[in-house]
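2 protein chains.
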Amino acid sequence: MNQESDKKDTLEILLDESANLSINQIKGLLDKMNSAELAHSLESSPPKQRKLLWSLIDNKDEGDVLADLGDEIQQELLLDISNEELSEIVSDLELDEIVDILQQLPENRMKMILGKMSSRDRTRIEQALIYPEDSAGGLLNTDVISVRPNHSIEVVMNYLRAQDELPKNTDKIFVVSAEDLYLGELSITKLLTSDVNLTVKEVMETDITPINDNQDDKEVSTLFERNDLVSSAVVDKNKKLLGRITIDDVVDVIKEDADQNLLGMAGIAEDTFQPPARAARSRVFWLSMNLLTAFLAAMTINIFEDVLKEVFFLAVLMPVVASMGGVAATQTLTIVLRGLTLEQINSSNLSYLFKRELAVSILNGIVLANLIGLITFAWFGDITLALLISAALVINLISSGIAGIFVPIILRRFKQDPAIAGSVVVTTVTDVVGFISFLGLGTIFLL
Amino acid sequence: MNQESDKKDTLEILLDESANLSINQIKGLLDKMNSAELAHSLESSPPKQRKLLWSLIDNKDEGDVLADLGDEIQQELLLDISNEELSEIVSDLELDEIVDILQQLPENRMKMILGKMSSRDRTRIEQALIYPEDSAGGLLNTDVISVRPNHSIEVVMNYLRAQDELPKNTDKIFVVSAEDLYLGELSITKLLTSDVNLTVKEVMETDITPINDNQDDKEVSTLFERNDLVSSAVVDKNKKLLGRITIDDVVDVIKEDADQNLLGMAGIAEDTFQPPARAARSRVFWLSMNLLTAFLAAMTINIFEDVLKEVFFLAVLMPVVASMGGVAATQTLTIVLRGLTLEQINSSNLSYLFKRELAVSILNGIVLANLIGLITFAWFGDITLALLISAALVINLISSGIAGIFVPIILRRFKQDPAIAGSVVVTTVTDVVGFISFLGLGTIFLL
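Protein chains in written order, with our numbering: chain A, 3 to 449; chain B, 3 to 449.
Treat the hints with care, as some may be off.
[To be verified] Covered stretches of chain A, going by a simulated chain B footprint (3 or more residues, C-beta under 8 Å):
id : region
1  : 153 to 159
2  : 354 to 361
[As the list claims (entries may be wrong)] Ranges between beta-carbon positions, derived for each pair:
id : chain 1 : residue 1 : chain 2 : residue 2 : range
3  : A       : 33        : B       : 416       : 36 to 44 Å
4  : A       : 170       : B       : 417       : 36 to 44 Å
5  : A       : 446       : B       : 386       : 32 to 40 Å
6  : A       : 179       : B       : 94        : 36 to 44 Å
7  : B       : 83        : A       : 208       : 34 to 42 Å
8  : B       : 290       : A       : 33        : 17 to 25 Å
9  : B       : 262       : A       : 369       : 18 to 26 Å
10 : B       : 291       : A       : 415       : 28 to 36 Å
11 : B       : 197       : A       : 170       : 32 to 40 Å
Calculated directly from the structure, the hints in this document are not laboratory data. Built from N, CA and C at the ideal position, the CB exists for glycine as well.
Model the full structure from these sequences, guided by the hints.
Here you go:
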């Protein structure tokens with residue numbers, strides 16, 4: 003069996019324009035996919051094909067597919083869906099999915115769609131819309147099963163058996179008071195293995211802290227990971243049970259965070275097949291910032307006009323020193339960013355990290371200084387030049403270690419995302435220090 | 003409630019050397035943590051403190067903590083644990099965890115530890131050790147509950163109730179033949195809501211394809227995500243049920259992949275608090291490669307000796323053009339890497355992506371050419387120089403788009419990880435093209 007490569011082939015056939023598939027053939031391929039696979043096909047399509055595929059997706063699947071798409075593509079498709087259609091499409095979705103989609107819309111469009119819903123749905127959704135997208139409240143669903151503490155296990159079992167089916171990922175039910183206050187929880191497997199004559203109160207677990215509705219979604223994913231949760235209760239500040247969060251939504255949070263970290267390092271925020279104008283816009287800010295800082299580095303070079311005019315080889319070699327600093331700084335920056343993301347770095351271990359980075363810079367500085375010195379000597383046959391570039395390299399690697407540690411930490415303290423602004427700042431530092439150290443030493447020893 | 007910041011405080015207190023905690027105070031803090039939190043504390047500690055903390059962790063928790071640690075730190079701690087101790091520590095772990103730890107050990111040490119186990123355990127572990135770490139087989143656990151198709155739901159319920167407790171994350175049980183062949187599965191919630199007089203055969207689901215033991219772990223995580231699974235059966239090529247994979251292990255795979263992608267882009271593979279010598283070693287290869295390619299760029303500059311000696315400002319401005327190309331190429335590379343990782347890019351949509359990147363390069367080229375031209379003119383008051391640097395920038399941005407697309411795709415075709423080698427190759431291309439286009443145009447128009 004090789005499910006994945008079958009899927010890949012289907013996708014490739016689907017997107018191959020030269021295959022010239024008929025509408026019915028495409029529909030046939032789409033009908034074999036579940037909503038997540040359909041969403042993946044849309045995400046793998048250039049904009050034009052994407053619209054075609056979307057138009058051929060079965061109406062009843064549209065809501066689930068829309069919910070599975072990334073924010074960028076959701077926004078794009080939402081432009082082509084009428085309000086009537088949208089309110090119908092979303093009606094069958096889970097609460098967190100509806101909220102996620104509505105949050106993509108402009109205020110007045112969102113209100114119009116809410117207006118088309120039943121007042122019960124509207125109230126429920128409006129309550130959920132209060133929460134920021136990246137809070138526990140933004141992830142919660144209200145499809146919980148809750149029971150009272152005094153019931154016997156047998157009563158609970160009978161109650162469950164009377165249901166047509168239980169909500170997806172129901173691995174536990176929650177125990178609440180008459181006022182809906184969270185008292186504890188009871189895992190389904192515990193229910194299955196307990197004496198049916200015991201009461202819920204006697205069997206339930208009470209040592210699990212439920213998630214608070216205003217907790218950050220990254221905290222939620224940490225809690226799920228550390229405790230291997232499948233679902234967790236969400237309560238408000240008065241401990242009233244609001245709903246639950248399930249692992250499938252947490253996996254989405256984890257994937258999205260990783261994606262943003264990766265793209266953030268390159269200063270972009272776009273989906274893979276975004277049309278050129280939008281993709282260009284997503285990248286131009288970062289490029290412009292780099293242009294300005296590159297001119298800062300150029301101004302540094304300009305200071306050394308005298309020595310550069312005298313010793314031409316310095317111009318040839320100066321980008322080598324700058325480039326090495328840039329790479330080393332990016333390495334330190336990446337380690338620090340990862341440590342910050344995983345919440346491993348705090349004030350008590352920062353000094354170790356700083357000393358460690360200095361030590362790494364010096365160790366690699368010695369190795370690479372030899373290498374750069376040898377190559378330079380082999381090329382130019384000038385021992386002074388070789389020693390000088392070696393010294394400049396060590397200086398620049400040390401500066402890269404210092405910048406790589408402190409730039410992200412300072413950016414974070416000023417509430418900036420270090421993944422996004424970090425790289426441009428550290429490479430500016432290493433460019434400037436690289437040029438100053440190399441050309442400065444050149445001025446001293448070669449003029 | 004704010005669990006996370008409480009935890010963070012505990013960690014910070016724990017690692018704060020100036021707090022001068024007594025051994026008993028540290029033990030008190032550690033005793034309040036679960037195994038995942040203990041593992042996080044170890045991962046957040048510099049090596050010396052890490053050894054101290056490890057020595058203070060309760061013996062009964064050592065196995066779980068070890069299993070929760072990253073590979074690098076596992077290896078480090080394993081050096082200090084005797085074979086007797088280790089075989090005892092791992093004995094209570096799940097199969098995939100034991101295998102994961104044993105795979106860190108040198109061959110002969112692994113054999114000695116296996117020799118200390120009961121022959122039943124040894125056989126079970128040796129069978130699991132056959133699988134590569136990144137295959138479905140490497141993730142599987144044998145703690146499955148399986149039933150026969152002809153039993154009634156009532157019999158199954160009674161069987162389950164006779165168990166002390168069910169394995170963690172049991173959301174379904176598997177239906178097998180007398181020869182242990184996989185026939186279907188039965189979710190626990192379905193079991194709870196079904197008529198107890200029906201047979202397993204009548205209620206079980208048969209349209210779910212189980213995972214094959216030699217499937218890649220990334221395929222497994224895609225299947226879990228797309229189908230919102232909590233657990234899945236794993237079978238061999240004859241459809242014999244081998245065990246199951248659970249979502250907690252899949253979350254670890256997702257996190258690890260994301261981590262490797264992020265670190266790979268910077269050419270490193272290390273844990274956050276790795277001692278300096280190991281950290282330096284993890285980074286020096288990439289730095290050396292960059293040194294060699296930087297000299298390639300320097301050799302390009304050297305070709306233009308005549309014009310550089312004549313027109314000093316070219317030396318000042320040339321790093322600007324090269325740097326812009328490097329940033330633009332990294333942006334394209336990142337988008338392509340992400341598309342490859344998410345399996346969105348294939349032969350049928352590659353040509354769109356290529357044309358899109360060209361369009362983005364030209365669009366941003368126009369915007370940035372104006373900016374770079376203006377700044378250059380403002381600085382040097384030389385219209386030819388301004389036009390020339392603008393043209394060189396456009397050329398280099400176009401080359402960055404082409405390199406950013408094709409380098410990762412070609413690397414992947416040659417079975418190299420594009421995340422690791424990609425960045426050094428594309429920036430070399432843009433450095434070289436940047437210098438040639440700018441200095442080449444300079445030679446033509448300024449000499």
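Tested hints:
Counting residues of the region 153 to 159 of chain A whose C-beta sits closer than 8 Å to any C-beta of chain B gives 1, which falls short of three, so the coverage hint is violated. Counting residues of the region 354 to 361 of chain A whose beta carbon lies closer than 8 Å to any beta carbon of chain B gives 4, which reaches the threshold of three, so the coverage claim holds. Under the hint 36 to 44 Å, the C-beta atoms of residue 33/A and residue 416/B, about 37 Å apart, fit the expected range. For residue 170/A and residue 417/B, the hinted distance range of 36 to 44 Å is satisfied, since their beta carbons lie about 39 Å from each other.
With their beta carbons about 35 Å apart, residue 446/A and residue 386/B fall inside the hinted range of 32 to 40 Å. Hint check: residue 179/A to residue 94/B, Cβ distance near 38 Å, so the stated range 36 to 44 Å holds. The hint said 34 to 42 Å for the Cβ distance between residue 83/B and residue 208/A, and at roughly 36 Å that hint holds. Taken as a hint, the range 17 to 25 Å is violated for the pair residue 290/B and residue 33/A, whose Cβ atoms sit roughly 53 Å apart.
Restraint check, residue 262/B to residue 369/A: a C-beta distance of roughly 25 Å satisfies the suggested window 18 to 26 Å. The hint said 28 to 36 Å for the Cβ distance between residue 291/B and residue 415/A, and at roughly 34 Å that hint holds. Between residue 197/B and residue 170/A the beta carbons are some 21 Å apart, a value that contradicts the proposed interval 32 to 40 Å.
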